[in-house]
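Colleague: Okay, here's what each chain looks like letter by letter:
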Amino acid sequence: MPETLLSVRNLQAWYDESQALFGVDLDVREGEVVTLVGRNGVGKTTTLKSIMGMIPGVKGSIALRGTPILGLSSHRIARLGIGVVPEERGIFSGLTVRENLMLPPVIAEGGWSLERIHQLFPILDERRNSIGTKLSGGEQQMLAIARILRSGARLVLMDEPTEGLAPVIVNAIRDLVLDMKRDGITVLLVEQNLRFATKVSDRHYLMVHGKIVETLSNEEVVHREGELLAHLGV
Amino acid sequence: MLESLGGQIFNGLVSGAFYAMLSLGLAIIFGLLRIVNFAHGTMYMLGAFVAYVGAQSLGLNFWVALIASPIVVAIVGIILERLLLCRLYKLDVLYNLLLTFGITLFIEDAMRLKFGMQGSPYVIPGKLEGVVNLGFMIYPTYRVFVIVASLIVCIATWLLIEKTSLGATLRAATENPGLVRAFGINVPALITGVFGFGCALAAFAGVLAAPVNNVAPLMGDDIIIPTFAVVVIGGMGSILGSIVTGFVVGVVVALGAFFYPPISGTLIYILMAFVLLVKPTGLFGSVEGSR
Numbered sequence: 001m002p003e004t005l006l007s008v009r010n011l012q013a014w015y016d017e018s019q020a021l022f023g024v025d026l027d028v029r030e031g032e033v034v035t036l037v038g039r040n041g042v043g044k045t046t047t048l049k050s051i052m053g054m055i056p057g058v059k060g061s062i063a064l065r066g067t068p069i070l071g072l073s074s075h076r077i078a079r080l081g082i083g084v085v086p087e088e089r090g091i092f093s094g095l096t097v098r099e100n101l102m103l104p105p106v107i108a109e110g111g112w113s114l115e116r117i118h119q120l121f122p123i124l125d126e127r128r129n130s131i132g133t134k135l136s137g138g139e140q141q142m143l144a145i146a147r148i149l150r151s152g153a154r155l156v157l158m159d160e161p162t163e164g165l166a167p168v169i170v171n172a173i174r175d176l177v178l179d180m181k182r183d184g185i186t187v188l189l190v191e192q193n194l195r196f197a198t199k200v201s202d203r204h205y206l207m208v209h210g211k212i213v214e215t216l217s218n219e220e221v222v223h224r225e226g227e228l229l230a231h232l233g234v
Numbered sequence: 235m236l237e238s239l240g241g242q243i244f245n246g247l248v249s250g251a252f253y254a255m256l257s258l259g260l261a262i263i264f265g266l267l268r269i270v271n272f273a274h275g276t277m278y279m280l281g282a283f284v285a286y287v288g289a290q291s292l293g294l295n296f297w298v299a300l301i302a303s304p305i306v307v308a309i310v311g312i313i314l315e316r317l318l319l320c321r322l323y324k325l326d327v328l329y330n331l332l333l334t335f336g337i338t339l340f341i342e343d344a345m346r347l348k349f350g351m352q353g354s355p356y357v358i359p360g361k362l363e364g365v366v367n368l369g370f371m372i373y374p375t376y377r378v379f380v381i382v383a384s385l386i387v388c389i390a391t392w393l394l395i396e397k398t399s400l401g402a403t404l405r406a407a408t409e410n411p412g413l414v415r416a417f418g419i420n421v422p423a424l425i426t427g428v429f430g431f432g433c434a435l436a437a438f439a440g441v442l443a444a445p446v447n448n449v450a451p452l453m454g455d456d457i458i459i460p461t462f463a464v465v466v467i468g469g470m471g472s473i474l475g476s477i478v479t480g481f482v483v484g485v486v487v488a489l490g491a492f493f494y495p496p497i498s499g500t501l502i503y504i505l506m507a508f509v510l511l512v513k514p515t516g517l518f519g520s521v522e523g524s525r
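If you're matching them up, the sequences are chains A and S in order. Letter 45 of the first sequence, counting from 1, is numbered 45 in the numbering used here, and no numbers are missing. Count along the second sequence from 1, then add 234; that gives the number in the numbering used here.
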């Protein structure tokens, strides 16, 4: 069995006085794609942000390959090989497509070359001088993922990459995540689209009220789809 | 008449050169740090004093001062940012405005105690003495140099911010510092560097101003308020806005003084009020930029 890349124990987080995470425990093994599923507001994005060091005052423990990273500033955490594809894509409106693509520094060897990225997404080359936010939603999502792949991150935290996108684009993102998996990139995914999640993920964590309550296999998700969709409210 | 009008336009360009360099530094600092740096005029004054003291005690010539003084003042700025300003980033912007105002009073009074109120002259460097024939009029060589040097510095800064990867990182950090940091970029170090760079720009302007005006502890006060007006007219945080508006305001005020001298002191504020009424984000500003 591959070794554990990311280990999170008893993670607790707050926004001012209000507690958002109540002791999250999860593991992600090297090369796995793992999904966090749950209703809006249960703490999925907060979990990703806590791992990335983007929220102050987080308690518990987070380890990357056994090394504690909780308390490090987020730029140091990123330099350990973690990349983030944020909610709503995070494309910068003051930067061109090319500038957005080149923004994250190369943090490790083995990142995708520009040639490979442009071969897969010719639009990012054709519209390199356009303002990043002028791209369509799907193209912006490709850009958000591509810039992290260029950086060489070995663990990618993806927050709802299919949100608001047409089915054809969702399929393209599915293929891209499968490509990443073949490259040995580990992914922790936040996703509400269960069909998409079962096609790309190895297993799923169900979150309720700031805690992981269940670990589900793909088969279990498919088998209990109706119940889970009702639970997610989608 | 035409020659004196031309002279007045060039005088306006000289004032505009100082407005442009100072408002450029203010705009860069405001863009990334969201700090209205009241101490910017003090950095300008310190720049002039480093050149003056360097010349008096070390025999430092003007050309060396033009490089050394911005470096010294940038270091002062970096120390202030790391020691004081960074502690207030999470609070309302007014706290940093008050802090930088306090820093201004402290440094100005310290300089007044040491050097007195009376300004000291700084000699124009030998190669830039005399006048130059521009074809349509004769104008002091040093003043032409001020306009050209300021244009070069402003354009170089604009190119640095708009056309380089460092500039792209700066612009991104202005928009979403948390995400830029999550990409592995040390944003706090970037902020410190930008503050230091803004202070260096002010110091560069201060050295250029030293032979034009007397070097005096309150010289920053005379220019900082109109410079704030320039930043507001150009658009808070707009780099291009600061440069263009700096020169345009300099010329407009000079022309105002030429045609109707009583209005020269207030024209810049009338202009600011008019622009705010017509375009509240400033001529080159955006809602995002002024947020």
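Simulated from the structure, these hints should not be mistaken for laboratory data. Treat the hints with care, as some may be off.
Residues of chain S clear of chain A, computed beta-carbon distances all greater than 10 Å [unchecked claim]:
(1) Leu-413
(2) Val-414
(3) Phe-417
(4) Tyr-494
If the Cβ cut is set under 10 Å, some of the chain S residues that face chain A in the computed set are [claimed, not checked]:
(5) Gln-242
(6) Ala-416
(7) Asn-420
Across the chosen pairs, the derived CB separations fall in these ranges [as the list claims (entries may be wrong)]:
(8) A:Asp-16 - S:Ile-309: 35 to 41 Å
(9) S:Leu-325 - A:Leu-229: 43 to 49 Å
(10) S:Trp-392 - A:Pro-56: 55 to 61 Å
Quick caveat, the model's predicted, so the values are computed rather than measured. Every residue, glycine too, gets a C-beta built ideally from N, C-alpha and C.
Colleague: Would you mind marking each hint as holding or not holding in the structure?
Modeller: Tested hints:
{"no.": "1", "hint": "Leu-413", "result": "violated (5 Å)"}
{"no.": "2", "hint": "Val-414", "result": "violated (7 Å)"}
{"no.": "3", "hint": "Phe-417", "result": "violated (4 Å)"}
{"no.": "4", "hint": "Tyr-494", "result": "holds (41 Å)"}
{"no.": "5", "hint": "Gln-242", "result": "violated (38 Å)"}
{"no.": "6", "hint": "Ala-416", "result": "holds (5 Å)"}
{"no.": "7", "hint": "Asn-420", "result": "holds (5 Å)"}
{"no.": "8", "hint": "A:Asp-16 - S:Ile-309: 35 to 41 Å", "result": "holds (38 Å)"}
{"no.": "9", "hint": "S:Leu-325 - A:Leu-229: 43 to 49 Å", "result": "holds (45 Å)"}
{"no.": "10", "hint": "S:Trp-392 - A:Pro-56: 55 to 61 Å", "result": "violated (36 Å)"}
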